[in-house]
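Please build the complete structure, drawing on both the sequences and the hints.
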Amino acid sequence: MDLNALTDCLSSSSCLVTQATSGFIIGMLLFLVAVGLTLIFGVMKIVNFSHGAFYMIGAYLAMTVFQATQSYALALLGAAVGTCLIGIVIERFFMQRIYGGNVLMQLLVCYALVLILDDLVRIVWGPEFRAMGMPPAFQVPPLFIMGGVVPPFYLFLIAAALLMAGVLGLAIAKTRIGKTIRAAAHNPAMVSVLGINTGLLFTALFALGCLLAGLAGGLAAPVRSLTPGMGFSILIESFIVTVIGGMGSIMGALVGAILIGLIRAFGALGFPLFTEALMYLCMALVLIVKPTGLFGREAA
Amino acid sequence: MTRPALRDAALALAGFLVLAILPLITSSSALIDFVIRCAALGLFATSLNLLVGYGGMVSFGHGLFFGMGAYSFGILMQRTGMPIPLAVLLTLCISALVALVVGAICVRLKEIYFAFVTLAFQMLVHSMIIAWVPVTGGDQGLRGGIPRPAFLGINLSDQKQLYLFSAALLVLGLLAMRHIVSSPFGYALRMVRDNATRAGFLGINVYRTRLTAFVLAGAFASLGGVIMSLFVSGAYPEFAFWTMSGEAVFIVMLGGTANFLGPLVGTGILLLLNDFVTRTAEHHGLVLGSVILLFALGLRKGLLDFVMEWLAARRTRDAATPAPVAVKGTST
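Taken in sequence, the protein lines are chains D and G.
Sequence positions in the first sequence follow our numbering and run 14 to 313.
Sequence positions in the second sequence follow our numbering and run 2 to 333.
Any given hint might turn out to be false.
Said to hold, decoys possible - In silico lysine to aspartate or glutamate, EDC-like type, Cα no more than 20 Å apart, as pairs:
#1 G:Lys161 / G:Asp319
#2 D:Lys58 / G:Glu112
#3 D:Lys303 / G:Asp34
#4 G:Lys111 / G:Asp195
Treat the hints as calculated values from the structure; they're not laboratory data.
Just so you know, these numbers come straight off a predicted model, no measurement behind them.
Below, the structure written as structure tokens:
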């Protein structure tokens, strides 16, 4: 434990800014994965345990497209669209069979998918650590904000994720499709009786979740090393995020993700060995005090 | 003792005798290793079935207790050199205590939350094992071997005696769990699984019943961990990794939840499958994942359940009545 490092950092604005931005990028990546998890759970009532695998696929796709075209914009697009397409195939072939099934089956099918997708990535891209490298557009001197060093890519990542959060929040709140999704979360049978193709809606929602996870992977590719097991650790953290924020709530996912990101960034200073323990502690506290999560409404 | 209890005890004795005679017939060390691994994983999976099959609580963090058993036992033996039976007992107590704390938080939660929060606790323990290098050896695992002082004339450094010891623990553990599920507590647990509200109205303390099951399952899982740590003479972080829990859930599903011995059958199948796949295929996860998908989406129930229902259907067909549709995934 190193509380001095933590207090030193909290009293210096440069360290504060640096740690906070790194906390925010962790949080933003987590948010993009967690929001898919929470939307899919909210409507289909399954926890897509293989969601982390889509993040991993997104990162690897981004790396491949970037190496082929040298364009980061295309790489992001490729990661999001490619992951989305893979998600549609998986939803149609496997996920559809476990909606409404028992938890044991859901866990097993997702467990199998994780094993298969991890191995496929290992076959296609090799088992070793890979790095994509910073795109040239962002290879510029870092910004100095209140004495803290902030790489411009971090700002881009945070802005991109916040933009997605805003668009998503507005779409769910204002558009017709958003209303349909909210209704389906409440009572899918009734929505289907009203003449809406819920099978298609489920596929679309699953694809949206995969697209966001793929985008998160694409955004993470320049700043994270890529390994075939990278999806699992982010899945566990995203799950903690959704538990803290409340399953099914987008706002909850955002708040929970930023909270976990900050805990990770500052916890790494004060409690380097127990950063992870802090996250679980935070989750346990929320579960004891408010089992539905900070923004969860009904009993989950 | 009641008659079913006597029958179980007789069966257990017979099972142990068969296992004890086995090495006299064949001297294959592969078979001996296989049975020891079966004992470790079989106890682990059967303890998970206490929760999944009898309690309706799908834990996805059960590997925590397997790892806890292996590490506690290994550390106790390395640091204190106490007699093995005492270390086993202490390990059981430690695991039960951990299960009490984790369970106190988790068992209130509904299905999928329960599954994932148990998983989160497992990952917490896993990260602590990795981080606490001076005690656990970090990601290298607990190395340097586990000392095995002889006790009561039993020397566990000898593979044959370790085999008998594991077989005895397996049989005793299974017998104890069998006794638990056929006790009034076992029936209360089934009732809580089927209808917690009604059980509550009838005066069963639902929370306490679930928590007791969780603690018992945790203790028996750690017994599996003890056997494993003796077998590999160490403890590795993988024992507490999530794939361990995934494997256990798969074993339970593979063998079937409706029969007490289902998980043991599942363990045998999975170990054979694992050995076969690692010997023949390069991409272990791909093959194993496909097999799991085939089972989960194709068969939709465990193998032993499938066979039992098929037998029951055949018997009733002889009586010219339509085959009964058994309730999926529940134990009777």
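Review point. Which hints, by number, does the structure contradict?
Key: The structure breaks hints 1 and 3; every other hint is satisfied.
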